[in-house]
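J.: Residues in the sequence shown are numbered consecutively from 722, following our numbering.
Please keep in mind that the hints were generated in silico from the structure rather than gathered at the bench. Please read these numbers as outputs of a predicted model, since none were measured by experiment. Treat the hints with care, since some could be wrong.
For each label pair, taking beta carbons as the anchor points, the in silico distance ranges come out as [what the hints assert, rightly or not]:
1) Pro874 - Gly764: 19 to 29 Å
2) Pro884 - Met722: 48 to 58 Å
3) Glu760 - His861: 40 to 50 Å
4) Asp857 - Met722: 31 to 41 Å
5) Phe773 - Ala810: 11 to 21 Å
Don't be surprised by glycine CBs; every beta carbon is placed ideally from N, CA and C.
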Amino acid sequence: MRTLGFLSFGHYQPVRDSRTLAARDALTQTIELAIAAEEIGIGMATVRVHHFARQASTPFPLLVAITTGTHRIEIGTAVIDMRYENPYAMTEQAAVADLISRGRLQLGLSRGSQDVALRGYEAFGQVPAKGMSDSDMAVHHTAEFRRVVAGQPVASTDPTAGPVTGPSVEPYSPVLTERIWWGSSSTRASAAWTAERGVNLMSSALLSEDIGRPLDELQCEQIDTCRKAWRSAGHAYTPRVSVSRSVLPITSDERPTLPVRAGCGDVGEYRAAPQSRRLAQPDPRRPPDRPPSAPGQSSSAGSRVEAGVPPRRTSALSRARCCAGPLRIPRSPHA
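Start from the sequences, fold in the hints, and give me the full structure.
T.: As structure tokens, this is what we get:
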């Protein structure tokens, strides 16, 4: 395993027991969490992008804010719904964030999940062409974004303004093209599709191939499929693969006794999770202090990656004011 990261959805809602009552709470706590995560050695801080919901939306201002208080942790998205995006405006924003962060941006893209708004992307000015579905539009936007972010010309020069050369979008951030990911949350076939196009793979905890097998086994097969397709395509660099797990932190003795609010992202939702969202149960014959496989051995079915934070360093998390309080961001020496 190369690195361990976290994903924040940026939920906020003025309800009982919420520690993020408003958008400002969610945004400032995400920044503080990223700073604390870097202190204990976490390698990546990512945010989810949702529109028309009380969650994180446009990601780049938040990611840039994280860079002002951090120096090493990678920043990124998991994922941006490409149905909503203008590829050219997004290229400018992504390049700015990557240059300010000194090359720490990892961009996770995808078709996105079901929206609260009916055809909400149309309100953002993105309307599928005739005969094109919204998923097709997301794929088209992604392909165009990758072309533009690589520095390809996107327009014709006005002859009265200077030499006739096709201008490209500025600023330009070299090698950002190798730090683009595709959120493949559906099938093994989509993992092959991702590899064939030369982007890194994000395998989520929402695999739709629910065939009665544990999540970790399905993910291992998905990763194998991606790596084989990548080798067959002959891409010039080595891909990265990420896997995710849903974690419900128990922060106090009262937390397990709180009422279950099914449908609100609380414990009830996960109790009813299908087999494809659960890990295989550990072998009771295996000693608890031995991992089932060596770290990073995710290329064979059924293998797992286990990681932990040394107990002596967990106190850094308690210094993150993730529940309330003013935002304090230390000055970066790179500023």
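J.: The structure should be examined with respect to each hint, and the outcome stated for every one.
T.: The hints, checked one at a time:
Roughly 36 Å separates the CB atoms of Pro874 and Gly764, a value that falls outside the hinted 19 to 29 Å. As the Cβ distance of Pro884 to Met722 is approximately 50 Å, the hint placing it in 48 to 58 Å holds. Taken as a hint, the range 40 to 50 Å holds for the pair Glu760 and His861, whose Cβ atoms sit roughly 41 Å apart. With their beta carbons about 35 Å apart, Asp857 and Met722 fall inside the hinted range of 31 to 41 Å.
Judged by the Cβ atoms, the range 11 to 21 Å given for Phe773 and Ala810 holds: they are separated by roughly 19 Å.
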